[in-house]
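Counting along the sequence shown from 1, when you hit position 245 you're at 245 in the numbering used here, and nothing is skipped either side.
Treat the hints loosely; a few may be bogus.
[Claimed, not checked] Distance condition first, Cα-Cα at most 20 Å in a straight line; then the derived EDC-like pairs of lysine to aspartate or glutamate:
#1 Lys130 to Glu153
#2 Lys130 to Glu55
#3 Lys130 to Glu117
#4 Lys309 to Glu55
#5 Lys130 to Asp59
#6 Lys309 to Asp59
#7 Lys309 to Glu297
#8 Lys309 to Glu153
[To be verified] Taking CB as the label site, the calculated pair distances span:
#9 Ala8 to Ala266: 37 to 47 Å
#10 Glu269 to Trp151: 19 to 29 Å
#11 Ala308 to Asp197: 47 to 57 Å
#12 Ser275 to Glu55: 19 to 29 Å
#13 Leu310 to Val190: 38 to 48 Å
#14 Ser129 to Leu174: 38 to 48 Å
#15 Ser275 to Met1: 46 to 56 Å
#16 Gln34 to Asp59: 18 to 28 Å
#17 His23 to Leu310: 28 to 38 Å
Simulated from the structure, these hints should not be mistaken for lab results. Being a predicted model, the structure only gives us computed values, none of them experimental. Backbone N, C-alpha and C fix where the C-beta goes; we use that ideal spot for every residue, glycine too.
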Amino acid sequence: MSTTDSVAAAVTYRLAEAPSSLHDFHAPEGVSLQYYEITSLDGRSGPAAHLVPAEPLPDAPLVLSVHGSGGSIGSRPVRTLALGLSARGVPVLAINTRQSGEAVNTDNYYATVRDVEAAYWTARALGYSKIVLHGHSLGTSQVSLFAATHWHETTAGVVLTGMFADLPWKSRHLLINDEATYRALTEEAVAAVRAGDFGRTLSTEMSWLGGRSVPVTAQHFLTYRRTGIAGARSLDWVARVPNPILMLRDEHDTVIHDFEPGWLEAALEHGLSPSVTSVSLPSPEGTEGHRFDGSSESLVDTVAGWLAKLG
Numbered sequence: 001m002s003t004t005d006s007v008a009a010a011v012t013y014r015l016a017e018a019p020s021s022l023h024d025f026h027a028p029e030g031v032s033l034q035y036y037e038i039t040s041l042d043g044r045s046g047p048a049a050h051l052v053p054a055e056p057l058p059d060a061p062l063v064l065s066v067h068g069s070g071g072s073i074g075s076r077p078v079r080t081l082a083l084g085l086s087a088r089g090v091p092v093l094a095i096n097t098r099q100s101g102e103a104v105n106t107d108n109y110y111a112t113v114r115d116v117e118a119a120y121w122t123a124r125a126l127g128y129s130k131i132v133l134h135g136h137s138l139g140t141s142q143v144s145l146f147a148a149t150h151w152h153e154t155t156a157g158v159v160l161t162g163m164f165a166d167l168p169w170k171s172r173h174l175l176i177n178d179e180a181t182y183r184a185l186t187e188e189a190v191a192a193v194r195a196g197d198f199g200r201t202l203s204t205e206m207s208w209l210g211g212r213s214v215p216v217t218a219q220h221f222l223t224y225r226r227t228g229i230a231g232a233r234s235l236d237w238v239a240r241v242p243n244p245i246l247m248l249r250d251e252h253d254t255v256i257h258d259f260e261p262g263w264l265e266a267a268l269e270h271g272l273s274p275s276v277t278s279v280s281l282p283s284p285e286g287t288e289g290h291r292f293d294g295s296s297e298s299l300v301d302t303v304a305g306w307l308a309k310l311g
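Sequences are here, hints too, so could you generate the full structure?
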């Protein structure tokens, strides 16, 4: 009998060319930019951008950054923080998850968290022993689950920008806001999953951001949007995170309602985090708050200052 270990599943990464969609993504002066292709445990591969300052700040952590719905490495505020923080001496690893671009509203929440996990172990393999997790919008739910269920001494903190509190509740009562449609989505999604067709695109479209009706798969609806079933309730995960947490919302964010940070703060009062900081950033009226377009400088300032205090 052979006693040689065999590999059942593995996270891998390799050097890669810059994705064509990032032709205008350039590292700041004094920062090198390298792209990788990271493969998660289940075989899904996606790009990552690694920004390394020539002169990093002493004891600076790596910031692992995850975008929101249909976003990418080049989407704001992931782009804003990647370029702004690296210019200040903080290394960044920004990734595209499996729900980037045209794959929006098709993924399984739990599977996408594997992309965060793969990026985390890639960061470890690149030599980082101090990592701060950053998630934006939908990415905050993925990062919160990962941080709550992976307690590693190398995780120094969690940054959440434009964060949902309870996405299933919000999807049902604010985004869709039609019980007949919600029931139709639920019934069709459950039937698809029971038949083993997890990735089936439902015939009923889902009301989404800005009131648009968009296609959605069974696995996405049931893992992100279905009350009582979906796991994307950040309220359930943030209290289980044992690391310092920074939450930021632009005051003119029309995607994240002004009550959502308070909802999360209430959940965190009896949680495990040793330090919770919640900040509302001022911005000019009429700016795109969810992308922090009018508060980008103060966003970078606030995150950089918070990172410096982590020690």
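Here is how each hint holds up against the structure:
1. Lys130 to Glu153: 8 Å, holds
2. Lys130 to Glu55: Between lysine 130 and glutamate 55 the Cα gap is close to 17 Å, so the pair holds against 20 Å.
3. Lys130 to Glu117: Holds, at roughly 15 Å.
4. Lys309 to Glu55: 19 Å, holds
5. Lys130 to Asp59: 8 Å, holds
6. Lys309 to Asp59: 11 Å, holds
7. Lys309 to Glu297: This hinted pair holds, its Cα atoms lying about 19 Å apart.
8. Lys309 to Glu153: Cα-Cα ~17 Å, so holds.
9. Ala8 to Ala266: 37 to 47 Å: The hint (37 to 47 Å, Cβ to Cβ) holds, given that alanine 8 and alanine 266 are roughly 41 Å apart.
10. Glu269 to Trp151: 19 to 29 Å: Roughly 20 Å apart at Cβ, these two residues keep to the hinted range, so it holds.
11. Ala308 to Asp197: 47 to 57 Å: 49 Å Cβ-Cβ, so the 47 to 57 Å window holds.
12. Ser275 to Glu55: 19 to 29 Å: 28 Å, holds
13. Leu310 to Val190: 38 to 48 Å: The hinted range 38 to 48 Å holds for leucine 310 and valine 190, with Cβ atoms some 44 Å apart.
14. Ser129 to Leu174: 38 to 48 Å: Taking Cβ atoms as reference, serine 129 and leucine 174 lie about 41 Å apart, which means the hint holds.
15. Ser275 to Met1: 46 to 56 Å: Holds - the Cβ-Cβ distance for serine 275 and methionine 1, about 52 Å, lies within 46 to 56 Å.
16. Gln34 to Asp59: 18 to 28 Å: 22 Å Cβ-Cβ, so the 18 to 28 Å window holds.
17. His23 to Leu310: 28 to 38 Å: Taking Cβ atoms as reference, histidine 23 and leucine 310 lie about 34 Å apart, which means the hint holds.
The structure agrees with every numbered hint stated previously.
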